[in-house]
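Residues -27 to -1, 1 to 529 (mature numbering (1 follows the signal peptide of the UniProt record, and there is no 0)) are what the sequence shown spells out, left to right.
Each hint should be verified, as a subset may be incorrect.
Here are the simulated lysine-lysine pairs, DSS-like style, with alpha carbons at most 25 Å apart [as the list claims (entries may be wrong)]: (1) K190 - K153; (2) K526 - K215; (3) K190 - K125; (4) K312 - K375; (5) K215 - K312; (6) K153 - K125.
Pair ranges (Cβ atoms, derived) [as the list claims (entries may be wrong)]: (7) A368 - S480: 26 to 36 Å; (8) V201 - R91: 49 to 59 Å; (9) K312 - F454: 42 to 52 Å; (10) A444 - E132: 40 to 50 Å; (11) L246 - V302: 26 to 36 Å; (12) Q61 - S480: 54 to 64 Å.
Think of the hints as simulated: they come from the structure by calculation, not from any bench. We treat Cβ as the ideally placed atom computed from N, Cα and C, and that holds for glycine.
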Amino acid sequence: MTAYKHAIPLSVLTLAITHALSGAVLAAPPDAGQVIQEMEQPRMQPAPASDLEFDIQTPKSTDIPPGGPQVTINTIRFSGNTVFTEQQLLIALGDVVGNRYDLAGLRALTDRITAYYRENDYPFARAWLPAQTMTGGELRIEIVEGNYGAAKAIGDDEEIIAGAQRFLDNLEPGAVIEGKVLERATLILNDQPGIRAVPIIRPGRMAGTGDLNVHVKRESLFGGQVSVDNHGNRYTGRERAKVSLYANSPFLFGDQLTLSGLYSQEDMWFGGLGYNLPLGTDGLRANVGYSHTYYELGEEYASLQSHGTARVTSVGLSYPVIRSRQLNVRLSGTYQHKKLRDEVDSVTTREDTSSDTLPISVGFDLRDSLYGGGITYGSLGWTPGDLDLDSGLLATDSTTAKTDGGFDKFNFDVARLQALPRKFTFFGRVSAQWTDDNLNSSEGFGIGGATGVRAYPSGEGYGDKGILGQAELRYALAPAFAPYVFYDSGRVTTNAQPWDNSVNHRSLSGAGAGMRINQDNWDFDAGVAWSLHGGAPESDTEDENPKLWVQGKYRF
């Protein structure tokens, strides 16, 4: 049997001795560190597609019928261009010098310049022909690149308008209207919790300018989600109920207050409080949070009166390096302080652990039209940290895992959602963790459970480093119904630096089928999985094959 036994805690030894005397053979139960790790592993989801659309109202040119006198072009002169050089514009026109054109043909040349600007993300630019005699075959093309006249937030709520206006003040009057700059500013405004923004660009009062009017309104002040599932660990409570509540802009424009809670059938409970707010108007956000978890071991371990707590304090920053409808890249860093305690009242033991970590990650999502369209999304992360064990744990740790002190780990999680013909969709995901250090259970990597190899229980295949792969084929049976089949496989290394000859690897795989229902504010997911490789579970004495997972959610 493979056991995740870093710094072999006294409580685990106590449990092992107790059950050895009684003739039972049980795996090491979860501790406070593993409990919070299992709760911190929701299924990764892509960022929601933005429904933000730009209503660009540009003047339409009149059609010119072909025919009439023709002129030969010997030279071309541009005026009004600041974004592109004359040489770049000549290349965009192509081989036109020496050719003869009527008025319609000359207009077509200006349309090429206009199209060149639009293709390079200048949606308000326009090229036109000023009055001229074309003496000597010189063609003059005037370019209006499109400058901001005014950028204003409009709506019915003066407080919301004032807050939104600050996000538009970076679009200075007179600056050339560039699509990606405009898109970033309006998307970041639209990202503010509970705010809905609709931008409209129309011709300004001055020739060559465009006015940006952004209609803003509050969509929701309060909201949340309640859910029930059987995704928990059997010893801390398989059946769980969760609630998440939020308040949008309760104190400032763009801030958010969140409250979350969880309760399981084995009297495990979790409570979390978070607050985040914008710092400036370019997407930088700060967040602070605190959570408290209490667990009790039930089932076979109930008589030992084993329980524990985990308290986590965090403060962090996030910034959208790239923000657009097609590609997003977000950089985030969070300082976390964890205080963990495990107790066994039947033999009066207590173990205390604390750690300080600084996870730094880059998250991304990319939408494309490849083979019918899809989205690739994920994150890359590095976590440096320092672990502090109490004197009792330290004595054992110094001769075994040596987890006390500094450590580093690296995480990789990437998924692809790909459209296929005939209402099918393919989902693929690869998640991995690598480290060269033996880690505390609060930093481990698990491959079992509802978000891993679904044929195995939560807590199965737990260690320092590993890799997990998942594949799903989904079918849109109806707008709200999506049956799917799946295959999961993973491998984990229990201890990055083993100190004895015990088995140090675990490989699991499984397959199954399920159904997802998404109707209005309701979500339901049920799946059944059979193990293909890995044998009986080692984290649980019950061997359920197939394994059934159920989850229901309601958003309000």
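Against the structure, the hints come out as follows:
For the proposed pair K190 and K153, the alpha carbon gap of about 23 Å is at most 25 Å, so the pair holds. In summary, the hint linking K526 to K215 is supported, as the alpha carbons are separated by about 9 Å, within the 25 Å threshold. Of the pairs offered as hints, the one joining K190 and K125 holds, with about 14 Å between alpha carbons and a cut-off of 25 Å not exceeded. Distance check on the hinted pair: K312 and K375 sit about 19 Å apart at the alpha-carbon level, within 25 Å; holds.
Taking the CA atoms of K215 and K312, the gap is about 23 Å. The hint holds against a cut of 25 Å. Distance hint between K153 and K125 is fulfilled; the C-alpha atoms sit about 18 Å from each other, no more than 25 Å. For the hinted restraint 26 to 36 Å between A368 and S480, the CB-CB distance of approximately 33 Å keeps it satisfied. Distance hint check for V201 and R91: the Cβ-Cβ separation is about 51 Å, which falls inside the suggested range of 49 to 59 Å.
Distance hint check for K312 and F454: the Cβ-Cβ separation is about 45 Å, which falls inside the suggested range of 42 to 52 Å. The supplied range of 40 to 50 Å is met by A444 and E132, whose beta-carbon atoms lie about 49 Å from each other. Checking the proposed 26 to 36 Å range against L246 and V302 shows it holds: the Cβ atoms sit about 29 Å from each other. Range check, Q61 to S480: Cβ separation about 57 Å, and the 54 to 64 Å hint holds.
Checked against the numbered hints given earlier, the structure satisfies every one of them.
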